[in-house]
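J.: Let the hints inform the model, and build the full structure from the sequences given.
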Amino acid sequence: MESASFLIFLHSLLRYGLLAFLLASLFFAWRGYLLQRPILVGERMATIVTVVLAHVQLLLGLIIYMLRFKAIGKMAGLHQRFWKFEHIGTMVVAIVLITLGRVLAKRAKEERRKQLLVGVFFLLALVLILWAIPWP
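Under the working numbering, residues 861 to 996 are what the sequence shown spells out, in order.
Quick caveat, the hints were computed from the structure, so don't treat them as lab data. Treat the hints with care, as some may be off.
The calculated label-pair distances, taken between Cβ atoms and stated as ranges, are [unchecked claim]:
(1) M926 with P994: 11 to 21 angstroms
(2) L984 with L867: 25 to 35 angstroms
(3) V901 with G949: 27 to 37 angstroms
(4) P898 with L927: 40 to 50 angstroms
(5) L895 with F945: 34 to 44 angstroms
(6) R973 with V901: 31 to 41 angstroms
(7) P898 with Y925: 12 to 22 angstroms
(8) R928 with L879: 33 to 43 angstroms
(9) L873 with L960: 21 to 31 angstroms
(10) G949 with I908: 24 to 34 angstroms
No experiment lies behind these values; they were computed from the predicted model shown. We treat Cβ as the ideally placed atom computed from N, Cα and C, and that holds for glycine.
T.: Here it is in structure tokens:
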């Protein structure tokens, strides 16, 4: 179980990096959209790092889920339901939204459309993530 403890620590720590880049990407997208300015290289990189961190976070979460599945099965009540269904399901949807936002923005022709897509999809993902994070 030591490897699971390390992975849980890493998963918990990585959430702050993901939230920081998600917030930065949201800020850049909405600022660019509202001020009608072009997307800068650093702003584009922030969205890429956000997507990468989200996928790493999902992978770690799935590994932890598989390692601890038997222990979770012994828990009872709302705690069990949160970990087995709500947390993982909501996070998967949030990461799908982040990925969709980046992919659709990449395919869009106009700068404003790209910024709007990132802004909307990342904002929806942020709301879901903030709801599903088990805050200490």
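J.: Are there hints from earlier that the structure breaks, and if so, what are their numbers?
T.: 6, 7, 8
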